[in-house]
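Keeping the supplied structure of chain A fixed, place chains B, C and D with the ligands upon it in accordance with the hints.
Protein chains in written order, with the working numbering: chain A, 2 to 140; chain B, 2 to 140; chain C, 6 to 395; chain D, 6 to 395.
Keep in mind the hints are simulated off the structure, nothing from the lab. Because the structure is a prediction, the values reported are computed rather than measured. Be careful, since some hints might not be right.
Pair by pair, the computed Cβ-Cβ distance ranges are [stated by the list, open to error]:
hint : chain 1 : residue 1 : chain 2 : residue 2 : range
1    : A       : K27       : B       : N14       : 56 to 62 Å
2    : D       : D8        : B       : L129      : 56 to 62 Å
3    : C       : K169      : B       : D49       : 55 to 61 Å
4    : A       : V138      : C       : G310      : 27 to 33 Å
5    : C       : D324      : B       : D124      : 54 to 60 Å
6    : A       : E107      : C       : G165      : 19 to 25 Å
Beta carbons: idealized from backbone N, C-alpha and C, even for Gly.
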Amino acid sequence: MTSYVSLPMYGANIDERMRLIAGKCKSCGQLAYPQRPVCTKCGGDQFDDTPLSGNGTLYTYSVVAGNGAPSEFDDEQTMTGDVLCGVVELKEGPRVMVRLADVDPEQLHIGMKLRAVIRRLYDQEGFLRYGTKFEPVGS
Amino acid sequence: MTSYVSLPMYGANIDERMRLIAGKCKSCGQLAYPQRPVCTKCGGDQFDDTPLSGNGTLYTYSVVAGNGAPSEFDDEQTMTGDVLCGVVELKEGPRVMVRLADVDPEQLHIGMKLRAVIRRLYDQEGFLRYGTKFEPVGS
Amino acid sequence: MVDVAVIGVGQTRYGMFPERTLKDLFHEAAINALNDVDKGLDPQDVEEAFIGTLSTGGAQLGNFAPLMMEAAGMIGASARHIENACASSGFAMRDAVAAIASGRTNIAVAGGIEKMSDLPREKNRLWLGISGDVEWERLAGTNFAGIYAMMARRHMHEFGTEKKHITMAAVKNRNNALANPKAQFRAALEFDRAMKAPNLASPLTFSDACGITDGASMVILCRADMAKNFTDQPVLVVGSGGASDYVAIHDRPSMTTLEGTKRAAKQAYSMAGITADDIDFAEVHDCFAIAELLAYEDLGFCEKGDAGKYIESGATARDGKRPVNNSGGLIAKGHPIGSTGTGQICEVVNQLRGRADTAERQLQNVGYGLTQNVGGSGAAVAVHVLKAVE
Amino acid sequence: MVDVAVIGVGQTRYGMFPERTLKDLFHEAAINALNDVDKGLDPQDVEEAFIGTLSTGGAQLGNFAPLMMEAAGMIGASARHIENACASSGFAMRDAVAAIASGRTNIAVAGGIEKMSDLPREKNRLWLGISGDVEWERLAGTNFAGIYAMMARRHMHEFGTEKKHITMAAVKNRNNALANPKAQFRAALEFDRAMKAPNLASPLTFSDACGITDGASMVILCRADMAKNFTDQPVLVVGSGGASDYVAIHDRPSMTTLEGTKRAAKQAYSMAGITADDIDFAEVHDCFAIAELLAYEDLGFCEKGDAGKYIESGATARDGKRPVNNSGGLIAKGHPIGSTGTGQICEVVNQLRGRADTAERQLQNVGYGLTQNVGGSGAAVAVHVLKAVE
Ligand SMILES: [Zn+2]
Ligand SMILES: [Zn+2]
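Chain A on its own, in the form it takes in the complex (with noise of 0.2 Å):
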């Protein structure tokens, strides 16, 4: 099947993505989120869990066109055209990679509030995979 999200991948850090649960560095305190196996300020490789507030700002994002985006997504540009995706700075610190849901891309700007919300993502191999959203706050 190619490059895609697998179904074991999917499941194996759902938690986190869902969750939105970072590594804190157990040596020097540092959030990774993504996870990671090695802390970049340490090298440590020892994490605690904690879950983030899931508030933060836009970063910097793209209003992806039509039919651009990875093919699972097919069923749904074809129902909406664009897809919009960003980078949102977390208040804790890190920065991810995130759709953003309820907004209208002329309203997209770099740091914009916005909040974790758990949406839909597409169907894939008779499975509904469900993700983090990021939409704004106050929509």
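Frame of chain A, contents of chains B, C and D with the ligands only:
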């Protein structure tokens, strides 16, 4: 779709496979079958198409047990169990790996006489794929 | 360290060739490279081969390099397939250089190939949708264009770069390709029309992006002290650099710098004993036009943040002080993923030997040429510096 | 040429770990290798990395190596992914050696990894069905086992080798693995039972084949003249050979010889200044038991055609004159495709340093150890010879 014989790949050399068209090196007369861009004897890269007789002998073989063949053969293996494959040494010299048809596994032996026949291989992507198999002479 | 020279280069035309096979394309690149060795070379004398490909479509998943060696008539050589996304053959080049520099190999080839036209558009998106971190970037719904678009958006935000500066790179490269018979896209592109192209991944438009391309290329290298046996015009590989970086752009401290380019360039300049100022021309990795602007800064051609002004000055035009992507670049010459890195070397070698295919695009008085080949959105970068032997 | 030494090795246990990720496995191999560097090594000091994988399942198609470098905590290193089917990390080793031998790199790593348990059996067959020439072998309906089976059938025909000789290799290796805590299959296999195993691809049975395995391994190398800064027990890489051959077995003049093995071994012996007679023990590529017999002949351990008699003599048993696959080999230690080559190096280095994980399987008085890593059915072969520093 990972490692498989795509329709373009299937179609590109279909004549060579179905009609057993070898390449005869214009420089040294060496036969290349399967065809290749460069003569292994003299390095030449100009060839004349030369049809082979389709007669040969069994050079080596294997009875591949159920569910062992590539997955496009699943339907067939469900029906027949084993898949018989071998290398035929053609009368004109070249050897090629082929499916064996219409032969009892117990009957197989190195040196037995074979001849080419066109048979169905499998369905994939909505197309029935045909190919050349080899069967015992006299069967 | 043994000095290394290029003694022959060859590539196919870049384009869409659905009726041609991988073997056929690679054979043509090999023949062209062998024919370019002025005094001749027996293909059986090639000892090592490094073949870059992403292997789109996965038709030949394993043992890709030995299969290509058969097509090239170089059976038996110690051959392996190198993958680093779009920088696959930049690293093939780097490793071919090391094999010779180590003294164990006299003659080696670096090659690259991609066959992207075999797959329906939908499957190409499956393969190419993501070149970064699959799990996070793919689930976010972005494609490759979207990643570079987000870098472009930050560059505009941090440095005041305008959309017009990005499109200037695309327009320059499209028009450069008019004189390149090997290029995929040879239609003039006017700036005003380019600025009105439809959205691809904002702020990037379809004018700012490369396409889907088939093609292959090969570079033949040998010990520099043997080079005169093969040609009176060898080209020395005076610098080679390679580096990696965080695969996902969200993990990088800055999204407007490719640290991989900076590190690889530093190694290559240091090995060559030069600075960025000494580079007379370059082929850089403009998969999206913003990438060329980032390359200007990260290679040290201009100050950080000044890429917009730099391209506006005309410095990188064909008749500028330091032409960049005189071939047309990835945007117009074409980007057959695995072939791009060694294809860039072909271009630089031809220019340094005065063998550009048309007089119109032959650069004059060029001493040092540079190639920059980027994998993904900067996860891997290879930089090479080449110099003609006087 | 700069001399090259191994200063640390590490691998995961081999087995089926469906709940573990690629990153997680590679991290473990890296940590184990770093911990094996007696006097310590900062992972940031690793300059180059060569990562072998076939990348089964294609989860991360591009930029595989930079992603693994992140998992290893070695961000920034010049990293590329090497593919040569089942010989991927044998060639990663070869290229890491060249990088250091060239003088451009002080410290490099060669690694390998495969995660095969992610895919349902059906998809594994799609990926693994063919390791040879896709077009011809796949259309013939054969799998990988069938290719080796046809080689076995010819060997039996040409030299009178019997099925029992093939199975003897499998039984030896399965029983060797009992003492290896890193091995995948640790259940005793009796010869009589093995002879009655069901057909896989005649004449091979299920007893004669390796399985589906997850695992990762890493080898840390440096300039030999720096090795004592890191360990009092470095191991020298005294020989390295690599070669390719026709991908499809039907194109080869002989189906009972791997010319690639012969050529690679010749290079490695010549570089080391030794002959086959000097090899005290070896890890060879027994993906199917017949492959071990072919290796005996092609590496020069016995005469052509005599492999059956050779194994029957007990020469390659743990207590024999020249133990082969004392680790359990691919058949029993396991064959996580991309990890196998560097996994073999781990085993040989541990033996040469007297660090086998159990006393029972520590070989005594061994000077030269050899690894042979085969891609596909012989399309690519890497051979290395290692030697402890006195
Ligand atoms: Zn830390
Ligand atoms: Zn000829």
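Each hint, compared with the structure:
1. K27/A - N14/B: 56 to 62 Å: Between K27/A and N14/B, where Cβ atoms are some 59 Å apart, the hint holds.
2. D8/D - L129/B: 56 to 62 Å: holds (60 Å)
3. K169/C - D49/B: 55 to 61 Å: holds (57 Å)
4. V138/A - G310/C: 27 to 33 Å: holds (31 Å)
5. D324/C - D124/B: 54 to 60 Å: This hint holds: roughly 59 Å between Cβ atoms.
6. E107/A - G165/C: 19 to 25 Å: holds (22 Å)
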